[in-house]
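Asker: Chain by chain, the residues:
Number of protein chains: 4
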Amino acid sequence: MKVKCIRSKGIAHNSYIIESDGEAAVIDPRRDFGVYLNHLARNELKLKYIFETHRNEDYVIGSQSLSKLTGAGIYHGSNLNFEYGTGLSDNDEFYLGHLKINALETPGHTDESISYIVSIPSLSDEAIMVFTGDLIFAGDTGRIDLYGDKHEYRLSSMMYDSIFNKILPLGDGVIMCPAHGAGSVCGGNINSMEHTTLGFEKKNNPSLQVSTKNEFIQMKMKEKHRYPPYFKQMEIYNLSGFHGSKHPPSLSPLSATELKKRFSQQSHVLIDTRTPEDFSTAHIKGSYNIWLDGLASFGGWIISHNDNVILVTYDGYNCLTKAVKYLFRLGYDNIEGYLKGGIESWYLDNLPVESISVLTVDDLKSKIDSNEDIEVLDVRDDNEWELGHIRGARHIYVGDLESTELDISHNKTIVVYCSTGKRSSLAASILKRKKYKNVYNLLGGTTAWYKAGYELI
Amino acid sequence: MKVKCIRSKGIAHNSYIIESDGEAAVIDPRRDFGVYLNHLARNELKLKYIFETHRNEDYVIGSQSLSKLTGAGIYHGSNLNFEYGTGLSDNDEFYLGHLKINALETPGHTDESISYIVSIPSLSDEAIMVFTGDLIFAGDTGRIDLYGDKHEYRLSSMMYDSIFNKILPLGDGVIMCPAHGAGSVCGGNINSMEHTTLGFEKKNNPSLQVSTKNEFIQMKMKEKHRYPPYFKQMEIYNLSGFHGSKHPPSLSPLSATELKKRFSQQSHVLIDTRTPEDFSTAHIKGSYNIWLDGLASFGGWIISHNDNVILVTYDGYNCLTKAVKYLFRLGYDNIEGYLKGGIESWYLDNLPVESISVLTVDDLKSKIDSNEDIEVLDVRDDNEWELGHIRGARHIYVGDLESTELDISHNKTIVVYCSTGKRSSLAASILKRKKYKNVYNLLGGTTAWYKAGYELI
Amino acid sequence: MKVKCIRSKGIAHNSYIIESDGEAAVIDPRRDFGVYLNHLARNELKLKYIFETHRNEDYVIGSQSLSKLTGAGIYHGSNLNFEYGTGLSDNDEFYLGHLKINALETPGHTDESISYIVSIPSLSDEAIMVFTGDLIFAGDTGRIDLYGDKHEYRLSSMMYDSIFNKILPLGDGVIMCPAHGAGSVCGGNINSMEHTTLGFEKKNNPSLQVSTKNEFIQMKMKEKHRYPPYFKQMEIYNLSGFHGSKHPPSLSPLSATELKKRFSQQSHVLIDTRTPEDFSTAHIKGSYNIWLDGLASFGGWIISHNDNVILVTYDGYNCLTKAVKYLFRLGYDNIEGYLKGGIESWYLDNLPVESISVLTVDDLKSKIDSNEDIEVLDVRDDNEWELGHIRGARHIYVGDLESTELDISHNKTIVVYCSTGKRSSLAASILKRKKYKNVYNLLGGTTAWYKAGYELI
Amino acid sequence: MKVKCIRSKGIAHNSYIIESDGEAAVIDPRRDFGVYLNHLARNELKLKYIFETHRNEDYVIGSQSLSKLTGAGIYHGSNLNFEYGTGLSDNDEFYLGHLKINALETPGHTDESISYIVSIPSLSDEAIMVFTGDLIFAGDTGRIDLYGDKHEYRLSSMMYDSIFNKILPLGDGVIMCPAHGAGSVCGGNINSMEHTTLGFEKKNNPSLQVSTKNEFIQMKMKEKHRYPPYFKQMEIYNLSGFHGSKHPPSLSPLSATELKKRFSQQSHVLIDTRTPEDFSTAHIKGSYNIWLDGLASFGGWIISHNDNVILVTYDGYNCLTKAVKYLFRLGYDNIEGYLKGGIESWYLDNLPVESISVLTVDDLKSKIDSNEDIEVLDVRDDNEWELGHIRGARHIYVGDLESTELDISHNKTIVVYCSTGKRSSLAASILKRKKYKNVYNLLGGTTAWYKAGYELI
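Chains as they are written, first to last, in full-length UniProt numbering: chain A, 1 to 457; chain B, 1 to 457; chain C, 1 to 457; chain D, 1 to 457.
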């Protein structure tokens, strides 16, 4: 028995390959499924089952392509009308080499959520491992807000039962394999442990330290999560099984001149994935700045599935391939090209660049202390805002900024901040597109502000 | 400018990736095209062109799948009615980054054969590299027998013109990149150099050391090549563009019992890819023995595209994956499974094994000298037979053995030989299937026989 | 926090890399330490600590080379006078990124055995993972016989305390990472689980299902293990820190003629790693047959550290590299070369081969039933022999055969068996070297015998 | 016969592995020799020879370490008193599998320079490949200035003879394998072809288009090359065989606070390898900016072998590993650590950052046109300066800037430019260290200036 975790950075997603005696199962395969095929080939394995723990909202699932190529069956929960695969109920049972895999319905995150329990009948009837999907994570539990406010009570209540009456009773010594790690938009406080057990979570997962079901429900219903617009598309894709391209789009190098020509057309979106510092010095007018590792989390707020995307990345370092992969996983198939040679090729061609000034926290403090007429904009999320923000700031979440009508004069100086300077750089690039001219990005954000000993209210 | 050669063992095929400034072209892609996609992704390249040098008879070409996934156009000669791609004529011209690629029609091996010349206009008008397909190889020229006897004169004549009037005049300093290396069924005497030039070949390629066109034609028309039955299928596939599975079939582990059950059905072919020595000691009744690296050359003589193939390989060493890949390249998509655990699992289950005895050359010499009543069968090809064989032997090429009605009594002792003991082990396995009971394989074949100082006539 | 297990096939050894925030620790590094350096480089990690769980008897440990190249400190138990590194006591504490690692003395397998407990202080005081060395395995506990009979009581008693009073109290939810997996000579019944927990082992490890300390001690003292002669050398090397070559010896291709010349000299040992079936048909006189995956377990019974080793392997399949690696891990640095082209090149050169006949279990049954005058030799280990053997057989463990004076006439027919045919093929090759002429290997051994329904007494 | 080119980016160095029949030779191995060992192991090769074409001045050669680990002999020219290896003369001959390798003394670049000719005696007496070291490159010939002015005539003269009387006569069809590709400091105009032949070079290499020996000598003596200070150290190391660390130093993550503490000590050098744009926005006071791919060419002008180096790189993208590798190849073993988390961790900690402003070419043009009192500094090399520079600029080569006493007032505004903005960013960082406060970097340098249609004189 071997279990291999395939981690997808960006969306912080975990999929798993279970293998035993030449047979394999994959749990929640991602769209770029080459990683599974390579593993199967290298280890001479036959893929027998594809298990899904739930529909998934944050990425396009690769089950159907993988199934078509390998002949493996797809299985998932039965409380949702999937247009493909087979619905399972409690105790449905599978054999994989010398392993037994049992389905266990564990609704809560969604109605159809299901867990998979692995045991080795020849050794013991007890479970050795459980795949919990988005029910429990290391240090957190799944969000229950996806169906809207009306369903939060119902889902929280089911989640309590799933966790406390079905999963935890499997035993402390069971290794727990969740569908997400730290950084996922599917949980707020997932920690960075890559290995945990039901016993460890029972004692240490903050979200499980409740004494009554009601306490659990109240806690869950107070949580605040964001729902990026691309989720809708993921739900549609994953319900029907996505039939788009099976391979990340190929990368067309565009010269500076060619990029300029295309970008002037409508429905083209220019995403610059360099660091905020780099973007600050010189960028192409009209481009969004989403730092590379934030692309999977924030691309979905900015890019529509109908847009033609053009990328500006560092030249080299494989940033381009990473960016395309991140977007591919979110179902973006139309990446039209990238600026060959990076931003340097743009300015070597003497094409015009724009800049965004940065402020240090000391700079901002002086401005505030001297009552300069500035607008301070906090683009962090609600939880962060509530934990403490700079006095006088106004709060608009970065994800909402594009669609928000701002009642700020275009001549006013705006200082944008987040907790580091990354999300605020995206915000600054949005403001520049909205014709604001005097936009500053706060270097280090609230983290540096706090370090400097300045007040957060 | 970079050129990478992708060598496919077994069929000894060379495909190439040319790259320049973020753009790439592939020449004669093989069916398992993952190798190109990986290279493109790793090096952040856009595939722009797929060039075919000719239809290819010895493997399934992967152009169409690769084109579909990348959007690259397919190009080939215009003297054949391909159902896909674009036909080219002399001097058609392509730009790839800072490279220029020119088509040059070079019929001879086939009518539509075409070569591709690479130059770097910014440096020089002269060619630096030429892709010659099956026209010239290192140490040999392509076969001209594929259309049958009637066409040999015509093709040889065209080949002479293509080589002497079109390719060699490009200049001695041009690097030559042929479509095959040593071991290919597309040429008899290709040598093992992986790098050569027109200058080197002009002086040293035995097949170019002729003083007149007529001498060349006579030489070519005397060559003897075998035409394995699967070639027909390759031609059909490659003319229309093959729409079969794009991915090697996955590998079903079969227990000894399960294999026994399936193999008893009709239309199942059991291929044992172990060494002749291993096969000799113990094998499953009815199985063919084709040593692993011979599978690409001899599988096509034995396996029909309608058969269900079951494999016996060594357990481990990645033999299985190799075997499947070799067969996949020849268009065999129905590999039903393999014996899990190898032959050991068969005999551990106390299922019956058969053996084939081996003889040393001394053993055979004694038998012959003492006039034992044995049949000695030479299964090498015509050229080898004519260069010298054991006195009293009968000649049937291994590829013809399956389909040949033998006028040999089933009780007679048969000693089979080739040049080493590998092809003769395949022959021995065929004879066993034909109910011959006393079959011996000559260990070391004519090579050992000759070393021992025995006569070859 | 990430933990990566590096599995060394052959010796079934597990070493581990723990990483957190750019820092790493390695536990029980093997001699061919490139795997760690590559991982460190690829993940941009600084190696901070090298932890040893105990001296190790079954392979050469790579701590010192790794320490020299990286500057990391070496740590181990203090109850043995290591000539390098730092001795630890209970509760010695290390910090690695945001992890805490605590030493816990857990004698039993050896006096200096020590475990390492990992916790994440920011999340919890409780352990999440424990590295148990050779104290507990998945499904077994470590052997306690290494110091000889006199110490077995003492060691078993300490082992009980270490397990039941120190390790298990850490909690059911602790992930357990032992130093060996299935197939190790350091435990008899280790199972093939690659992931386990203290909770799972507490309930399911057969060796922990005792009700009293005394019961545990009695059980342990009844176990029988073999002590291969090379262990002595490993203990010497690992006590002082081995200063031999840091890199597997390079591979000299020897032509058949050259091999013949060298092998005729003294102190050369010829190891043929092909399968028993292959060896059976043709091998070089005087060679030992140890199938490749058995080389790590049985090479140490046959090869002295002063021998010059020459290898015969399959040509291709990377068998050679594997064989050299297996031997390198056991401290064998003088691998002089290998037969280029494999056994085929030997017989193509018309050099003489020998063969060993195989018998099926039916063949043997007939011989026994018809009272043929044969010697039947069982070369399995004591436990296997006691569980059931063929009537009339004599028992000599394969590892003892080389050094045992046999009172069997050289003309007698000997049939050797084990449980499959592999160890018996080694035994047969030893007997051939001892000038026995009529040696047969039983294909399928007791497994096939039992399947055939024949009696084991 | 296979030849694999190992390209080392940064120094644009080519080393080669030649293999034939299980034996291998390496030509000019680099210091981080793992790449050769891996290749040898993966392909089951025995390293037989290590050939050096000359001493090498631009990197530390790895011959001795490689020799020690593999037992292969080292060979080089005999006109220099190497403290290791064996000196060769014309026609010394080696056999590698079925290849013959001949030494050919080809002085010119240095006195001891030697070439290696490969032929395949079984096919032809003629050469198929030649390894020319620093004698000829694709599109250029080696520099002849390393021994100082007095020797230029002598070396040029010898170079002419080596090329025209020894190498080119080998034949047009010979594949040429030089020791450097485009971007090397060992040649000024090497082009980006990765494959060339003597025939192609003879016709197209600008440096070979001379009609007399004297013309060649005059041309060579007019060339201008820079001699970075680290060359001296390379020559010492390579003459004696370097006994420093064999493995790139490991990477210590330093927190912002820790870095601050260490950097305040003497003899610490802080190298920031981010892009000029990134550095411009925020960097640590006192750091040098050398963009990553320029580190191998410009690190040697800045860093002494006694300095303790601390690195600032992007977090992720494997920039760190690349930077360490580049420096390791130049003999820098004391890389003390790197800023964990990149520059972000510095400013999140509210530690002070500095910035350098950029100017566009339009900005600079206005300043010049309006006669602002600025100093314009051209830091390109002599050849570039002479081909055209901005009117009024002063010329100091970037490599000389650190050691040059500037007679510019510290209050004056200085605009630095090169051809792109990279070398000028290094120059700007040097000026900042020299206490110049108003330093501007010209974005796009002369390339953008020229594109804008402004004059270069």
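Calculated from the structure, these hints are not laboratory results. Check each hint, because a few of them may be wrong.
Because identical chains cannot be distinguished in the list, a pair is counted as satisfied if it fits within a single copy or across any two copies.
[Said to hold, decoys possible] Pairs of lysine-lysine, DSBU-like flavour, derived with a Cα cap of 30 angstroms: (1) 222 / 9; (2) 437 / 367; (3) 166 / 2; (4) 222 / 434; (5) 412 / 367; (6) 325 / 365; (7) 4 / 325; (8) 367 / 213; (9) 451 / 435; (10) 261 / 100; (11) 451 / 261; (12) 4 / 412; (13) 451 / 100; (14) 434 / 150; (15) 203 / 432; (16) 150 / 9; (17) 367 / 202; (18) 434 / 412; (19) 260 / 2; (20) 260 / 451; (21) 68 / 261; (22) 202 / 166; (23) 285 / 260; (24) 260 / 437; (25) 261 / 365; (26) 224 / 100; (27) 451 / 285; (28) 213 / 166; (29) 322 / 4.
Asker: Of the numbered hints stated earlier in the document, which are not met by this structure?
Answerer: Those not satisfied are hints 4, 6, 8, 12, 14, 15, 16, 17 and 26.
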